[in-house]
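In this note's numbering, the protein residues as written are 1 to 438.
If you're looking for bench data, these hints aren't it; they were derived computationally from the structure.
Glycine included, each C-beta is placed from N, C-alpha and C at the ideal position.
Keep in mind that the hints are not guaranteed to be accurate.
Label-pair distances were calculated between CB atoms; the ranges are [to be verified]:
no., residue 1, residue 2, range
1, E275, A297, 28 to 34 Å
2, S30, G282, 51 to 57 Å
3, S10, G147, 54 to 60 Å
4, L74, D224, 44 to 50 Å
5, G147, R36, 49 to 55 Å
6, N199, E271, 23 to 29 Å
7, D85, A260, 46 to 52 Å
8, A260, G291, 45 to 51 Å
9, P54, E115, 26 to 32 Å
10, R66, D224, 15 to 21 Å
Derived DSSO-like pairs (lysine-lysine); straight-line CA-CA distance at most 27 Å [what the hints assert, rightly or not]:
no., residue 1, residue 2
11, K226, K146
12, K38, K52
13, K109, K52
14, K109, K78
15, K141, K226
16, K226, K163
17, K163, K78
18, K41, K52
19, K109, K141
20, K226, K78
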Amino acid sequence: VFLDPSVDPSTLCPWCDGPLPANPTPHLASLITTTRRKSYKSPRPTNPLGLKAPLSVFSSVCQRHRFETIQIPLARAKGWPTHIDFGALRERVEGMREMLREIIGDGEKDLYEVELDEMGEEELADLGPRWRVVFWVEMVKEVRKKGSRVAGSLKNQFGSFEKTQPGYYGELGSFIIQQSLYTMFPPATFDPQLIVPLNPTEFIQRILVPQVGVALIMEDMHLDVKAAVDTLRESAQYGVAMYPGDGDTGAGEDIVKERAAARRRELEEEERAEEEERAVEGTSRKTRDKGKSSRAADVRRGGRARKEVNYIERSDTEPSSGAAGLDVTKQRRPAARTRKQRTKEPDGPAVRSSSSVSLGSDSDRASRPKPRPRAVPKSTVSSDSDDEVVEIARPARGPPSKSIKLDSSDSEDDFTPKGPTKRVNRPPSSSQPVGELR
1 VFLDPSVDPS TLCPWCDGPL PANPTPHLAS LITTTRRKSY KSPRPTNPLG LKAPLSVFSS
61 VCQRHRFETI QIPLARAKGW PTHIDFGALR ERVEGMREML REIIGDGEKD LYEVELDEMG
121 EEELADLGPR WRVVFWVEMV KEVRKKGSRV AGSLKNQFGS FEKTQPGYYG ELGSFIIQQS
181 LYTMFPPATF DPQLIVPLNP TEFIQRILVP QVGVALIMED MHLDVKAAVD TLRESAQYGV
241 AMYPGDGDTG AGEDIVKERA AARRRELEEE ERAEEEERAV EGTSRKTRDK GKSSRAADVR
301 RGGRARKEVN YIERSDTEPS SGAAGLDVTK QRRPAARTRK QRTKEPDGPA VRSSSSVSLG
361 SDSDRASRPK PRPRAVPKST VSSDSDDEVV EIARPARGPP SKSIKLDSSD SEDDFTPKGP
421 TKRVNRPPSS SQPVGELR
């Protein structure tokens, strides 16, 4: 088989020799350029400009040019745009802020209170902005039929993937719309009670993104809501193939970078605010510590001052060493003095006895063991003048008695005991020494 002389080899695919679209999309052009670098020349009778490479390298190019050769003419026939300005898509989405805010805030009606089967579109529209959204009504019916857990499962989300796509805007358009919504309505700002049974991310992906797609289609093709919803679902596959998410337009990446930069600025501001707060807390803590240390120093100084004042006052009130008075606080307790008895010699002056008994203090006397009681003997005392006998009873209990000296001139009445009786031995003669009372 040879190449038809009327066919230009440059209009053929270098790998499968099939016809290329007259106006390839930027995505197809990028694929061809990338694959050409991985191929080598392989001229053939059917294509002198043919190239050869592994199947896994050039298969995506052949799929893409077949799609554009067949599907794009069909899309043009249906009035779908084949070229979209994705750079201006973000601004168009931001113009729908008020409409989207009403949908987000309309969550007063309970899912199970509304009779969806018995209500028409007009009756549902009267319930609120959210009930005018077809995607919300379909989600409510699905939850009632399968349950919230099954409706929110990953398997069910893959099954409804085409329903959540923004029509012919494709994956690239869905990505840009979604990032724009995240910037306009951060998930953290949603009230979870208003969007049950969905979470903020699911609400954006399943409700807001396709609703924005319907609004864009209405603007592009001047259609009503019902016709726009039909176009969105019919052109979903075309949009996914025409504008995949890995396009080289860079619009989605720019939005992501802007969101990342905005988030970075927010984090920097939060970090700066935290640093300022920590600095203020550190300053106040230092002030408190300084106040505590100053108060402690004042207390120490006050204590020293009080001690000095007390010392000065005590010094002023105490007598000096040369004064006549004695320092009572420094006087020692006098030791127990020995009590000595005086006696008179029969013919001479009174002299002290050679022996004495120490009385001691009250505590010493109390600590002494008490003597055992015994019978009180009688003793005889005689004097020089006459043989006079005096009977004195000895106490059976009590502390040791005092020493008593008797004189010959003493009478018997002088020794009559006036309390505890004591035994007294009177010497028989004046020449004999006087004994002590034991």
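Unmet hints by their number, sorted upward, for this structure: The structure breaks hints 4, 7, 9, 10, 13, 14; every other hint is satisfied.
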